[in-house]
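Assemble the dimeric complex from its two separately framed chains, guided by the hints.
If you want the building blocks of each chain, they are given just below.
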Amino acid sequence: MTITTPGRTGTGMSTGTGGPTGASLVPPAPAPAAPEPGADAVTFTIDGIETSVPKGTLVIRAAEQLGIQIPRFCDHPLLAPAGACRQCLVEVAVPDREGNVRPMPKPQASCTLEATPGMVVKTQHTSPVADKAQHGVMELLLINHPLDCPVCDKGGECPLQNQAMSNGRATSRFVDVKRTFPKPIAISTQILLDRERCVLCQRCTRFSEEIAGDVFIDLQKRGAQQQIGTFDTDVLDFAGETPVGASALDTSGRPFASYFSGNTVQICPVGALTSAAYRFRSRPFDLVSTPGVSEHDAQGSAIRVDHRRGVVLRRLSGEDPAVNQEWITDKDRFAFTWQSAGDRITVPLVRTRNADGTRGELEPASWVEALDVAAEGLRAAQATGVGVLPGGRLTLEDAYAYGKLARAVLGTNDVDGRARPHSAEEEAFLGHHVAGRTLQVTFADLDRAPAVLLVGLEAEEEAGIAFLRLRQAAVKRGTRVLSVAPFATRGLERMSGTLIAAAPGTEAEVLDGILAGAADDALAQAAGLLAQDGAVVLVGERLAGSAGAYSAALRLADRTGARLAWVPRRAGERGAVEAGLLPGLLPGGRPVSDPAARVDIAAVWGVEQLPAEPGRSTDEILTAARDGLLGGLVVGGLEPADLADPELARAALDAVGFLVSLEVRRSEVTDRADVVLPVAPPVEKAGTFVTWEGRPRPFPQALTTTALSDFRVLDRLADALGDGLGLQTLADVHAELDQLGGWDGARVPAPQALPAEPPQVPAGHAVLATWHQLLDNGRLQTGEQFLAGTAKRPVARLSATTAQGAGVSDGDLLAVSTDAGTVTLPVVVTAMPDHVVWLPTNSTGSAVRDTLHADAGAVVRIAAAADAPTAAAEGSTDA
Amino acid sequence: MTTLTPVLTDTWDAERSWTLATYLDHGGYRGLRTALAQQPADLVNLVKDSGLRGRGGAGFPTGMKWSFLPAPDGGPRYLVVNADESEPGTCKDIPLMMASPQHLIEGVAITSYAIGCHHAFIYLRGEVVHVYRRLLRAVEEAYAAGYLGKNILGSGYDLDVTVHAGAGAYICGEETALLDSLEGLRGQPRLKPPFPAVAGLYARPTVVNNVESIASVPSIVVGGSDWFKTMGTERSAGFGLFSLSGHVARPGQYEAPLGITLRELLDMAGGIREGHELKFWTPGGSSTPIFTAEHLDVPLDYESVGAAGSMLGTRALQIFDETTSVVRAVTRWTEFYKHESCGKCTPCREGTYWLTQVLQRLEAGRGTPEDIDLLLDLCDNILGRAFCALGDGATSPITSAITYFREEFEAGTHTPADVLFPPERSSLFHYTPRRSAAGALAGVHA
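Line by line, the protein sequences give chains A and B.
Last residue of the first sequence: 879 in this note's numbering, with the numbers rising by one and none dropped.
Last residue of the second sequence: 1325 in this note's numbering, with the numbers rising by one and none dropped.
Extracted from the complex, chain B is given alone in its bound form (with noise of 0.2 Å):
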């Protein structure tokens, strides 16, 4: 039985987490100063070692993004962090920055410490604005206690760090469209070759990692290589924030090692919300490829997750019981997609506009029947087309959702989706838009 690690949510639950006090009380920038006594390149090696890998979805190893920096020209270096956490259901690092914004500050001094970076960037999303205030003063407590700024506890290290926050595109999580958002340009994903790391933020090598990887390495400065290693499985080693949302007795943030299966998070979660059973779940927010309730045991890793057909992604574990319409979910996933293609290639500016019409189509019961193969067909011209991931991601969804649920499309050539599954029955309580008529409900009969 897989039980909880809580690391990096260790001290959610103490009095003002989020001050750089309550930080320290909990032993707190030792990673810090443990770093700061080593060579930045056996930090780089021991984070290596560690086999932490990517926790902002693809699961690129950590360590070795770093590596693949130049050697230092005497120009400078950057470490971005991107906290433009967006994912329709991916919620971990705007709680982690909210509840201890302090592992990340110090996450990004060892980590610009160790790649030879003296000045980092958080992009964080624009929208969260009560984040974005949690971070603009656990930095300025960071630079009153000397963590960040000249001379960094005496260790002739400096560091200046600034809080980006971005105008609220999903794309500017695309690390190269974030960093033409950061350098004040439009947000749109760069050609690569070159890669940021060679030619990042202002065309200097560039190292853009997530809030929770760069979080978890004081972690692993303070705890070494082989302590995280014995969390999580061979390749994919460590904990991880699980966020369960949905259908689900008790929403929240799990943080277990990888490896850990929906059953047991569902287990500490008090199961499926009451009288009802799972129907469909997102292993890693809405982009990856939907699971059933055949996938419940299915290890919670980058490998395992693979395998079944999906990806691990963020770990956003969207739960949905058998009161909802994939159809319904999966236009509004689209429908998000539609909304915020960047418009830079054709695949994904005009696939996602085409793909919300005919699935809105079949969502009201006005389907054909062609619109399935349509759909899917049309998913095989985008998937692999698009210029960035986001189109990728657009597809998932979709064709995942007519592989497990197809009988549920070719309903929508003749049944309205909230007549099959009344939309009230799928909600908490009972909803009454405010501006509406009484008794209205969400879905497309409002």
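One chain only, chain A, in its complex shape (with noise of 0.2 Å):
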């Protein structure tokens, strides 16, 4: 197996010397070649080293290739250049038109000096101008700087710190006044500013604008009174952005301010930005760095979690070119507590029986009884049969040995990753477009493509990174990105997409509709751009809840070459497709139906063979398990109000004769399991995370802990059963994965679902649209309150003419029902199709699926509300 934990950063998949072998599960990405120097390259000095670099490079980069580290503040590899703090000046010399290398007469600055042939540079190192230009560069930047690194944050690993102390004077000839400002200013619940140590290099503010597009705090006032402030809405507008207006505020009801922001905090220079959540809390010198793998999504950015005897107390951005570039979504950053909450399972629970059968509490366990009674009741579920779903957030290793698990030793298929609304018509395209193709659209595709088209997906609510680069090549390279969606969110705006306006299922019918010659323009503009080499169709889980959508997405690419790649949301999605956590899949995107594919797998795990009927998928399993035709269940990391019917999945837990638990935190599940098996969430474990594009994203294990990664569990729960997994250790895991490797047999067909007929949307009813917000009720958010506060403000959307009749206007409450339940929330109007609605999934007073049972497509009842949102509406997500 070429997967090994990665050292400082992320980058190195492949660390060993083979290179991709091409043969394992899930092969690692290879490692982009060394930019080879053009025949534009330019050659010139730096402190007398000649040196050659691609045309266009700028000095301070081409002298951190020669190991010279030039003093700077304002520069950012990844931001614009803007000569702002001056603090790289360098002597600079370049040769005239007859070729007499004639010296500039001012010093330069090196962070906006592209290299020149002949060029000759002298930095501190050599020439006095410069290190004195330096000198007194940071002489300036420290009169207003105060002396507080002894409480400051950034104490210990400070730019200004550090280079003040390599390029700056040993003592000041400051006497004077120093300016100051209050501290802090809240910028959001979770960001803080302290303008007095700011040395205004706008990196947080071109952050800001050029790559988050959140232009929520900007430069204010002039001189020595200029500050970084915040963005009042009301007075100004966007530069090239419409107001964010009623709909975007937080939850504190101020203008919402990004997605993003935690970023700002990472790249500022000095410790003018903090966030709430780790202000004051420790030293840097006191933490222990890890990398790490965000387990927020499935995106894969690169992190760097900072722990101290043993509690993380922040996380970073890690660096990784190829993913995150150095950005993380404030949901990697912030949401981490969650893996330390006070209802972690530490110890595996039994439950007791009452003496007439029923379930009674769940008492305290050894590993070593808690496995025997586990093992035990699934025997004897056996004889009915027995269901395992694992939960869409699992490692690669962790899915691979649930899959096993049921194949091998429950003898069954009725094994589903997925815990979200999901549709037979996608299983079929996972298998067939999906399963074991591997990098065939990248983030680097991305960058690259002319056009973009996003189905089912809200890149900046369901994607954080695939957003950023997405803007980003909308704002460079003036990539085209469509979105058929309902209507056009302000990610989309600030992609300067276009929208290409669809009802929620009628998904199949538009993109059945983008053809050449289509009558309506816009159609007939997207045929076009997606025609074009390089484009790249991204569609979302959520078009599980289309009927048809995958299977006209899929006909779409055939139609005009574009590239198809499927985006969901979870940090365990794509290594489940990959090992087979579906009912007809096994693992690398083997068809159970295949005979040829189980001999294969059935060879490697020595059983002699595997299920050969495809399984139930999980909406089956519950139903299954509810009518009693499924005598026990294995349950991993499962929310029954992630699901499409809450209620069922609740009866079925219920209702099932056995139920075995495995679990970071007690939940309903739990609530209801025989055996509780407790396992590590990602800080306490080493595993790997898939990315969307199937790229292996490993990571080490943070935490030193007693806590077991979900493969080790079940390799013993198999060992009680009687047949082992063999899958002892990590090690065991990536043996047999690269002994699996890929499949090159034939796949499952691809689906061809017809479109579902538009329901009848009687007066008063609309249809629903849903999706999740980044930062809403989700289980991995629980215990920040600061970053809660920065989510966007719940609301309701509908068109106007929606509205009106519905008896609402801007600001009303509209309560949206069915016959399960009401949500009310206060209504936007909003350009989009009428009779639509659309409800965040899962924020506050918004539990879609939970209190409506009902998802995107469904008909809702719609009118004005008479009250305030009800209580049981604004709880009924605590789960």
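If you are wondering where the hints come from, they were derived from the structure by calculation, not from laboratory data.
Among the clues, some could well be false.
What the hints assert, rightly or not - Which bits of chain B does chain A cover? Going by a derived footprint, with three or more residues having C-beta under 8 Å, they are: (1) 1209 to 1221; (2) 1231 to 1239; (3) 1262 to 1268.
Quick reminder that beta carbons are idealized off the backbone N, C-alpha and C, glycines included.
This is the structure we're talking about:
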């Protein structure tokens, strides 16, 4: 197995010597080729060292490559040059027309100066002029900077502190009055600004403008009073943006800031920007840093986990040019306390039985006892059958163990990793197009694509890093982003995207309408854009709820030649597909229905044969369990409220004869389980997440722990059942994954699902549209109130006509109801198709699936709400 | 003996000089008629030949600036007139636009035609509301008379002119900050390259010229480049407005050939005020190094002033007699730069903040012996290290003042400036601030 835990950063998937074998189940990405010095290379000298760099290279970058560190503050490799801080001044001479090298009259900022042939650069190491200039600028930067390093979060890892030591005067000549400000300003509930520490390098404002597109902070005033401030959207329009308006307030009711605001804290070269969650919590030199991979989405962002004495204190973005560059979402950064929440399960639990045979209380038990009870219960249940529901947040290794347990030990194909609305069409799509086809579309392809179509995917909310890369592509390279969605979100607008409006359920129809000669201009134009070389179609997991949409997406890709990729939300989704956590799919895209595939896998697993009948999907497993057709369930990290019908799940968990739960924290499943086996959260285990691209993202264990990975627990459970999985260690799993390799046999046939007939929408009704907000009431965000405060305020959206029909206008409360319940939210009238209402899927006061028992595409009742939101709707998400 | 050469100022004493009618009575818009009959390229060459150099301070050849525009690509090109005159002492564009705005409008029309621009902008300093009104009215009159708008004078050439009032920031006189401000952004200088000629206003090829430069163009078109070159020196051709202010008998605008000396100008202006003598003066506004009486005969052209250690700048001749404390004057200027520093770059933002405090200390007589060397070293750390010329300009008065009047700064270590130079002796009349006690004075003891 070439998956090894990475070193300092997450870039080196193949740190071994052999490079990608291509034989592994999820082979690592090939290392990017080193850039060849092109024909237009520029040769010049820095400090007497001759060097060649590609044309357009900045002097400061060329110096870095030679190991010459020029001090800097405003310079950042991923931001456009600013030349604001003037710390990186160097002495430069350039050849004139006759070729005589003539010194430039002033020192030049090396962060804005492109190298030219024959240029002679002298840095502070060889030029007294440059050295004095740098000392002078450093002294000026420090005159208004407070000497509060001992209490500053940045102290110990502060570029200003470090460079003041290396390139500054030992003593200050400033005996005058420093500029001060009241401290701090709360830019959001999470981000705090101490203005007196700010050196006005503008990294934060440039990040906000150039990368995130959230111009939520900007420079204000001038001269020494210049400062970073929050943006009053009531007064000022966003430059090049529409105002966020009433819709995008954060939960405190102030203008929404940004999902990416934490990055400004990390790139701040001083301690001016700090996060409420980490402020005054620790000193950097007390922290132990471990590289990691974010567990929050399928983007696989490299992160750095900083911990002290077994407690994670903060997470930072790691650097990985191939994936997240140096940026992560605020959820990646701040949502980690769930892993050490008070409801963590640390020991196995076994439920006592009451005298009448009903379930009693969970009692702590030894591993041996718990595993014996579990094995005994499962053996008994095997008579009718055992279903396996692993959940969507597993590492590749854990997912693989679940699949092997189900098929090799429990002898069933009733295993499905999809803990969300799903469809048979989706399974066929995944088996046909996704499984076993890794790295067919990558982040780099998004950078290069001339056009990208998003279908059932709200990139900013559901795929943060893809959003950032698409936005950069749109801004820098003019990539056209198209989105098939009910309305243009601010995220789409910030990608300069084009909306192809579609009511929920009509996605297939719209996709089939993208034809070169389409009567609709927008569709014809989209067809032209997607026919370009390198065009990409990204579909989200939400298409499972729109009959025929996956099939139509495949047809669209065939028709236009655009490459098609599936971008799920959760970190474990793609790994689960590769590991075969689908009822009809074995590892590596092998169809269960293919005898050769079964033989292949059976040989590796050392079993005589594998069950040949395709199994049940998640919903079918739950239905069967409820109806007594399955005697037992093994359930991983699954929340009933995430499923299309939470009540079905609860009924099934209640009814099933024997329930084994593998969980990190107490949940609705553990509350019903007969045996609870504690497993480790990502920070306490090593493993591999697989990105939506199919890129393995291995990560090491950060904290010392007694908690076990799911695969280890499952291996011991299998032992107790009699047949071991042979997966005692991570190396065992990797060896087996390598042994399995890919599959070149027949694939699952493409789905040919037909679109559903558009539903009749009677008066007072609307079709429901919904998706998750990045920050909502998800289980992995509990315990982080500062982050929660930066979530968008939940609103209901509907068109002006629909709003009028329902008798509501902007700001009024709208009641959206089904027979199961009512969600009441303030209205934001939005340009979108009529007879559609949009709700956030799982935000405060809007637990759509749990309250309404409905998902996108359902017909719901809408009416002006008589009163304030009901307590029931507010509290219904607190599982 | 050099004499005045009134061209731009010729009609300032006419009845209602600011109206189009008066302008036409004095031969206005002949230049535009002549220009529209010519090829644009010929006009560019004409201005090149004339040797006209930018009147905004830097003195870059105007015709050459026009010729830097890339070849037309079908997209828009812009002329932006920099009318953000805000340098202390500089006072030429505002009186010109006040007294005779049509000079500028005609110049805008000719220049726009020459460079292929169909939408020109005049970026005016926002505080001068009266000038703003005059300009708006002048543009309105020119539209009504067919000198602007569609098919100008039947030539088929179209031009729109927008007069924009800034919000009052000195930095917006820097051409790229001006462009950002005009685009509705925060006025801070842009990174160059790209230069405005390549990517200026709205990232399109743009010429940014000073008011006086543009206003001089009609006369060149009418009089020809040879006529223009009869005035001034070989490399500093033509006439310019010299603004005399301060301790001079008759302050005001004197339009004269470049190369005239202050001695000659003072003769015309009635000399230093009665009973006093010249102490120091600025040749081109507060950001140019000061001169003293020994520079009275320096020809006021770009080269000679440069050779004497200063810059011709905007020909803002601020005259100070022996009653003036150079420390106090320099402190006021530095306070101005501190107030107007845009904040983008460290040297200017922090440097002016610090310089002000040191100078205020010296003015109050509380300086330390190290302060003068500190000032010089700080200036050295700012000059040439700042993002734009504002920082450089802030250091000029300090370093030059210390060069010529070091002893006055040394006195600042023990005696307040207003004790050495009582402020009332510098003023023309006794000034009592309305809201303070009777007899109170300006200065640190106020």
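* **Contradicted hints - numbers only** => none
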